[in-house]
Amino acid sequence: MSMSRKAIAVLSIEACLLLLMAGSYIYFVRESRDFVAAGRPIPAISILHNRPR
Amino acid sequence: MTASSDLAAVRAPVRIAGFTVSDITVIVGCFVASRVLLTVVGILLLQSHPGTYNSPMQTYPIEASLPNLYVRWDSFWYLQMAQHGYSVLTTLLQPGATSYAFYPVYPALIWLVSTISGLSAEWSGVLVSNTSFLAALFVIFALAEQWSADKAIAGLTVALLSFVPEGFIFSAVYTESIFLLLASSAMLLYERKQNALAGIVAALAAASRSNGILLVVYFGFTLLRERGLPGALRFWEQPERHLPIVIAPLGLFAFWWFAMLTTGDAFAQKSTMVHGWHWAVDLPWKNVIHHLTGPDARSSVLMGSSLVAFAASLTLLRRDAWVLFAYCLVNFLLFWTGNLSNSLLRYSIVLFPIFFGLSRVLAHRLVPAALVLFAFIGLDVLLMALWAVGHPFVL
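Going down the list, the sequences are from chains A and B. For the first sequence, my numbering gives the first residue as 313, with consecutive numbering after it. For the second sequence, my numbering gives the first residue as 4, with consecutive numbering after it.
Worth flagging that the hints you see were computed from the coordinates, not collected in a lab. It cannot be assumed that every hint is accurate.
Pulled a few chain B residues facing chain A out of the computed Cβ check, cut under 7 Å [said to hold, decoys possible]:
{"id": "1", "residue": "Asp77"}
{"id": "2", "residue": "Gly234"}
{"id": "3", "residue": "Glu243"}
{"id": "4", "residue": "Leu264"}
{"id": "5", "residue": "Phe270"}
{"id": "6", "residue": "Gln272"}
{"id": "7", "residue": "His278"}
{"id": "8", "residue": "His281"}
{"id": "9", "residue": "Gly341"}
C-beta atoms are modelled at their ideal positions from N, C-alpha and C, and glycine is treated no differently.
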């Protein structure tokens with residue numbers, strides 16, 4: 313039984329999304345650096361916040 | 004038309020979006036009664052006993068007013084994010100803690116409502132939370148009715164959820180209510196075979212709380228229940244049923260990409276949690292034993308409450324509800340993997356299938372059902388009092 317055109321389209325979308333996520337994850341694992349340990353956070357006395365209206 | 008069909012037409016209840024007037028009365032009644040009770044308790048308490056505790060993030064005093072009552076602890080992070088976006092600012096009181104610890108959907112909604120309506124961020128947050136909670140009650144009623152074909156069970160599920168201990172968090176500037184709405188909606192859409200939409204809603208849930216991604220477990224096990232293992236593995240047959248499993252993680256990946264592009268650290272959420280909140284991972288049973296037997300009574304109580312919620316989830320261990328149990332179980336394992344006990348009760352109460360399981364046991368037993376409901380109300384009021392004065396037991 314041949315697959316319908318809709319099934320092929322859905323499978324293609326799923327394959328693309330899975331590839332995209334797998335590629336992204338590998339990139340993140342290889343390139344990410346702990347931003348806190350790298351000293352990126354800027355100390356502030358308090359976070360700016362307004363009194364509720 | 005015959006006389007009998009005329010009679011049937013007369014007797015058919017009026018339905019609004021699939022709900023009868025009686026359903027709507029139950030749902031809205033539970034919502035209004037629980038919210039009014041909690042708000043009155045909080046305001047009255049603050050009028051007689053001014054709040055004495057302060058969050059490191061808090062820059063104005065506790066007052067006996069709205070929306071102030073529902074703005075505590077992490078609320079200040081969400082408000083700051085809604086007003087200024089993500090930033091790498093950290094406080095001297097909590098070095099390493101940044102807004103990257105929090106997921107984006109809820110503060111983005113506050114910003115959207117505030118921008119459109121002109122309301123303050125605080126009022127917008129309370130509005131988003133309460134609207135989401137009311138909508139979630141409707142969705143959960145529909146789900147419980149679909150799962151049980153029993154309106155008494157659906158009604159009791161909604162009542163238990165409305166008055167659950169720490170249920171005031173569903174009105175506070177916290178993510179629990181929007182997560183509850185997104186998770187329950189994703190499940191309902193999947194049950195109704197609206198696969199792509201279920202995936203998109205689940206992706207939003209994955210971008211609103213860390214356990215949102217676990218909806219894929221629900222989708223996967225539902226598929227397994229529907230088709231059996233060989234059928235579930237044949238992904239090329241009806242591939243649209245697998246679509247939500249593939250779409251749901253996109254919310255988390257979007258957040259990771261945003262963090263990568265703005266900080267160079269895709270896992271900035273984890274990094275800031277480790278440095279700012281001293282979060283660490285360990286085996287779940289080790290954390291359970293550590294919290295239960297440790298010297299901190301608060302940790303023991305919170306872990307105990309989480310275990311009680313888990314025990315309640317055992318009511319789902321039936322042939323027709325094991326998927327819901329499996330969903331709750333993986334969530335509990337995730338919660339217990341973290342070394343922090345601060346929010347274990349709050350995390351547990353978003354697992355709404357637990358209340359469905361309890362309702363199946365209690366719905367047609369008046370006295371036990373009333374006792375559980377009264378116990379819930381009593382504990383909810385007690386915890387609301389602690390929340391109102393800013394006591395760190397509930398944060």
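Okay, the hints, checked on the actual structure:
1. Interface hint at aspartate 77(B): violated, since its Cβ lies 12 Å from the closest Cβ of chain A, which is beyond the 7 Å cut-off.
2. The interface hint given for glycine 234(B) is broken, as the beta carbon of that residue sits about 15 Å from the closest beta carbon of chain A, more than 7 Å.
3. Because the beta carbon of glutamate 243(B) sits about 5 Å from the nearest beta carbon in chain A, less than 7 Å, this interface hint is met.
4. Taking 7 Å as the C-beta contact cut-off toward chain A, the hint placing leucine 264(B) at the interface is violated, the least distance being around 11 Å.
5. A hinted interface residue such as phenylalanine 270(B) counts as satisfied when its beta carbon comes closer than 7 Å to some beta carbon of chain A; here the least separation is about 6 Å, so the hint holds.
6. Contact between glutamine 272(B) and chain A, as hinted, is not supported at the beta carbon level, the nearest pair being about 11 Å apart and thus beyond 7 Å.
7. Below 7 Å, beta-carbon pairs count as interface contacts, and histidine 278(B) has one with chain A at about 4 Å; its hint therefore holds.
8. Checking histidine 281(B) against chain A by beta carbon gives a least distance of about 12 Å; that is not within 7 Å, so the hint is violated.
9. Annotation: interface hint on glycine 341(B) violated; nearest CB of chain A at approximately 18 Å, more than 7 Å.
Hint check: violations occur at hints 1, 2, 4, 6, 8, 9; the rest are consistent with the structure.
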